[in-house]
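For the sequence shown, the positions run -14 to 172 when the numbering used here is used.
Among these hints, one or two may not hold up.
What the hints assert, rightly or not - Computed list of lysine-lysine pairs in DSS-like fashion (alpha-carbon distance at most 30 Å, straight line):
hint	residue 1	residue 2
1	Lys70	Lys98
2	Lys73	Lys108
3	Lys108	Lys98
Just so you know, the hints here were simulated from the structure itself, not pulled from any lab data. Fair warning: this is a prediction, and the values are worked out from it, not measured in the lab.
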Amino acid sequence: LGAIYLIQLGARHLGSRETEEEEAEHRAGRWGFWRTVVAVNVVDVAFSLDNVVALVALTTDMLALTVGIGLAVVLMRMAAMIFIKIMKAHPVLEPAAYVLVLYLGVQIILEHKGVLHMDEMGKAGALTGIVVLALLYERATFLHPVCLPLFRAFGFLMRVCIAVLDGSVRVVFWPFRAVWRVLAKSG
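Assemble the whole structure, with the sequences as input and the hints as a guide.
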């Protein structure tokens, strides 16, 4: 289920039809101060909850739990600010992040089905390769006109994936929605 969510997230972003002007407006509005503050705090909470679960598995010492959670919040805040600065300097990393998410979703499904098995170095190499290729693409502007038709075709493929996923979700959740509507009307 998590893999499907990752694929859906990556495909939905990579399949969007924003023009360059809309994308520039979207990017400019997204990095407002308060929006960044909210995003950083949401990331802090999400990763802190993961750390609480991990720390409880390691120790029941309340002091260790408190220190561990506090360190996690501080470190995630610092990391989030660093990543925001890096993404502002290299805007190509935003779509690259969604390519990474899409890749991870596909990789999880392929490994689960036994079609693919990669060791940790192979996984790290694939992820690093995606980031390096994105940064090279950003610098090699002569490739942009050549790659644009490929990106458009890929975007179309992602829109098809989203249509299939959305249709599947509707079919799976239709009975639950029907029951919810009946309960809402009777209540």
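**Prompt:** Which hint numbers does the structure go against, in order from smallest to largest?
**Reply:** 1
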